[in-house]
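Start from the sequences and build out the full structure, keeping to the hints where you can.
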Amino acid sequence: MAGMELLSDQGFRMDGRKSNELRRIRFKKGVFNQADGSAYLEQGNTKVLAAVYGPHEIRGSKSKALHDRVLINCQYSMATFSTQDRKRRPRGDRKSQEMTSHLKQTFDAVVLTELYPKTQLDIYVEVLQSDGGNYCASVNAATLALMDAGIPMKDYVIACAGSFTRETPIIDINHLEESSGGAEVIMAILPRCDQIVFLEMNSRLHEDHLSAVMDHVMAGCKDIFNVLNQQVREELVRRTVQDSLVDSG
Amino acid sequence: MADVNLSEAEKTFILHSVQDNFRDDGRSCEDFRHMEIETGLISNTNGSARVRLASTDVLVGVKVQLSPVDPENPEVGRMEFFLDCSANATPEFEGRGGEELASEITALLTRAYGCPSTMDYPSLCVLPGQQCWLLYVDILLLECGGNLFDAMSLAVKAALFNTKVPNVTMTKDEGGIELDVSDDPYDFKRLDVTGAPLVVTVNKIGHFHVVDASEKEEACSLARIMLGVTQTGTITAMKKEGSGSLDADSISDMMESAKKVGVLLNKSLLKALGEEEEQGTEAVGFLR
Chain A
1 MAGMELLSDQ
11 GFRMDGRKSN
21 ELRRIRFKKG
31 VFNQADGSAY
41 LEQGNTKVLA
51 AVYGPHEIRG
61 SKSKALHDRV
71 LINCQYSMAT
81 FSTQDRKRRP
91 RGDRKSQEMT
101 SHLKQTFDAV
111 VLTELYPKTQ
121 LDIYVEVLQS
131 DGGNYCASVN
141 AATLALMDAG
151 IPMKDYVIAC
161 AGSFTRETPI
171 IDINHLEESS
181 GGAEVIMAIL
191 PRCDQIVFLE
201 MNSRLHEDHL
211 SAVMDHVMAG
221 CKDIFNVLNQ
231 QVREELVRRT
241 VQDSLVDSG
Chain B
1 MADVNLSEAE
11 KTFILHSVQD
21 NFRDDGRSCE
31 DFRHMEIETG
41 LISNTNGSAR
51 VRLASTDVLV
61 GVKVQLSPVD
71 PENPEVGRME
81 FFLDCSANAT
91 PEFEGRGGEE
101 LASEITALLT
111 RAYGCPSTMD
121 YPSLCVLPGQ
131 QCWLLYVDIL
141 LLECGGNLFD
151 AMSLAVKAAL
161 FNTKVPNVTM
171 TKDEGGIELD
181 VSDDPYDFKR
191 LDVTGAPLVV
201 TVNKIGHFHV
211 VDASEKEEAC
221 SLARIMLGVT
231 QTGTITAMKK
241 EGSGSLDADS
251 ISDMMESAKK
261 VGVLLNKSLL
271 KALGEEEEQG
281 TEAVGFLR
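Protein chains in written order, with full-length UniProt numbering: chain A, 1 to 249; chain B, 1 to 288.
Derived from the structure by calculation, the hints contain no laboratory data.
Among the clues, some could well be false.
[Stated by the list, open to error] Mimicking EDC-like on lysine to aspartate or glutamate, the simulated pairs with C-alpha atoms at most 20 Å apart in a straight line are:
1) Lys104/A x Glu92/B
2) Lys189/B x Glu276/B
3) Lys28/A x Glu282/B
4) Lys29/A x Glu36/B
5) Lys164/B x Asp85/A
6) Lys64/A x Glu92/B
7) Lys222/A x Asp194/A
8) Lys28/A x Glu36/B
9) Lys62/A x Glu92/B
10) Lys87/A x Glu99/B
11) Lys87/A x Glu80/B
[As the list claims (entries may be wrong)] Some chain A residues judged to face chain B by a derived CB distance under 10 Å, without partners named:
12) Asn20
13) Gln34
14) Asp131
[To be verified] Derived Cβ-Cβ restraints for the label pairs, each shown as a range:
15) Asn33/A x Thr12/B: 18 to 28 Å
16) Asp93/A x Leu222/B: 49 to 59 Å
17) Ala219/A x Gln130/B: 50 to 60 Å
18) Arg190/B x Gly181/A: 35 to 45 Å
19) Thr234/B x Met153/A: 48 to 58 Å
20) Gly129/B x Arg88/A: 18 to 28 Å
From the three backbone atoms N, C-alpha and C, an ideal C-beta is built for every residue, glycine too.
Here it is as structure tokens:
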């Protein structure tokens, strides 16, 4: 198995990262004009677009409306060309439906839903290129899109995935590491309140290692949070300065 | 498509602006809006392109795959179009909402590219009678800002220009011929897109017609024709759409306009793509 080790003796992963190193994150908020909020996010080779519409009147049957909070409606879809082998359908398969319900659950926990009773909030996520960590990139992009739309939230919600190989937890795993058969722990957290809103584990992992992996993934989430938060704030400052220049003539 | 509600006065304003050949955004009747084209953004594909025409945003990925030949045309390659209207564009497309529009557009593109002279289809046949390349042209509509047909055909042509088809070596075995697809990323051939058509939509507004209508202008137009036009001015497909009717004379006028615009558009697209390739800068995609 030489050359195919997820973690080399020197502690490097297949793509040259250290065990606790993230992939490069780049993003842009407000890529579209028509949506109320939108964001594009790249985590390594995983590229995701998210759009937010609402809160608006309930579309379709009014019986879906919730009298005390906003109805969060998600749709996760993957471009047919996003994966290595072409996908036949962009959505509607079991995996996308599962992802859709995961997203809904995640954002139900973080949006201040009680502020907009009897309305609907649409979150649409489109994966343009997939290289592992699709759920994580989707959550992070959707957070930014919600922020762009000005939807009140308790906190950022940040997701990160991790695995365990050669007695070492690794974080922000790519497709190769995801499909190598090892355990996969996916978490979405509120980084400033240290709350976990989503947790999933695939495959098996020894109980003794679970807390170590969770700690690393949590630290990874916080690293992602710092990257996103820094750029969001810088942009905000730049915009405020620009606006004040415009105002002062 | 996002709803555009225009009052009678606004409609009259647009009608008059078209009459005076000075549209509400300053263009003349045969001008296109500003557009941005970029190729090679998605590394999982053999070719990709993104076109942003005003606020219409289209992403196209081309994937090639070896497949059995079509028994009716055993000596040529195949091309299949698929359009996904993403809910990102408008909530109406959620679930199966965009399928009707999608089938309409893919049908026109299939017809426009169905003409044998548009692409070098025989060169896409690897083993006549047995194996050929199947080009999956997958279009993703990300935002609607009017003139979807034209924007998509531009993106499709740009993506085909960018497509790299791996070379195949054939070895004769006792059991038959074995195909070996090269996995070297630099061992490929490009497609010849000089004959590929672009769709030009001509909207009839009042007694005049415009190309590249904005959403507002589309709301004022009762009838439009779409034409597949190649660089030499050949028309490879035609379709009339909309609730209004057209007389034969105006159709031939519209065809003339479409031909003129189509030839120019084809030329400038190929020129822009050539320039982009020469510069060889890294794709920035949506980060710009």
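The hints, checked one at a time:
A hinted pair counts as satisfied when its Cα atoms are at most 20 Å apart, and Lys104/A with Glu92/B qualifies at roughly 19 Å. Annotation: proposed proximity of Lys189/B to Glu276/B holds, straight-line Cα distance about 18 Å (limit 20 Å). As the CA atoms of Lys28/A and Glu282/B are separated by approximately 17 Å, the hinted pair is consistent with the 20 Å bound. A distance of roughly 19 Å separates the Cα atoms of Lys29/A and Glu36/B; the hinted pair therefore holds under the 20 Å criterion.
For the hint linking Lys164/B to Asp85/A, the alpha-carbon distance of about 16 Å falls within 20 Å, and the restraint holds. As the CA atoms of Lys64/A and Glu92/B are separated by approximately 17 Å, the hinted pair is consistent with the 20 Å bound. Using a Cα cut-off of 20 Å, the hinted pair Lys222/A and Asp194/A holds, with the two alpha carbons roughly 9 Å apart. Taken as a hint, the Lys28/A and Glu36/B pair is honoured in the structure, with Cα atoms around 18 Å apart against an allowance of 20 Å.
Between Lys62/A and Glu92/B the CA atoms are separated by roughly 16 Å; this keeps the pair inside 20 Å, and the hint holds. Restraint check for Lys87/A and Glu99/B: the C-alpha separation of about 17 Å stays at or below 20 Å, so the hint holds. A distance of roughly 14 Å separates the Cα atoms of Lys87/A and Glu80/B; the hinted pair therefore holds under the 20 Å criterion. Checking Asn20/A against chain B: minimum C-beta separation of about 26 Å lies over 10 Å; hint violated.
Contact between Gln34/A and chain B, as hinted, is supported at the beta carbon level, the nearest pair being about 6 Å apart and thus within 10 Å. At a threshold of 10 Å, the smallest CB-CB gap from Asp131/A to chain B is about 8 Å, leaving the interface hint in force. Between Asn33/A and Thr12/B, the C-beta spacing of about 26 Å keeps the proposed range 18 to 28 Å intact. Distance hint check: the CB atoms of Asp93/A and Leu222/B are about 40 Å apart, inconsistent with the given range 49 to 59 Å.
For Ala219/A paired with Gln130/B, a C-beta distance near 55 Å keeps the hint of 50 to 60 Å intact. With their beta carbons about 38 Å apart, Arg190/B and Gly181/A fall inside the hinted range of 35 to 45 Å. At about 55 Å, the CB distance of Thr234/B to Met153/A agrees with the hint of 48 to 58 Å. Checked against the hint of 18 to 28 Å, the pair Gly129/B and Arg88/A passes, with Cβ atoms roughly 27 Å apart.
In the structure shown, a violation is registered for the earlier hints numbered 12, 16, in ascending order.
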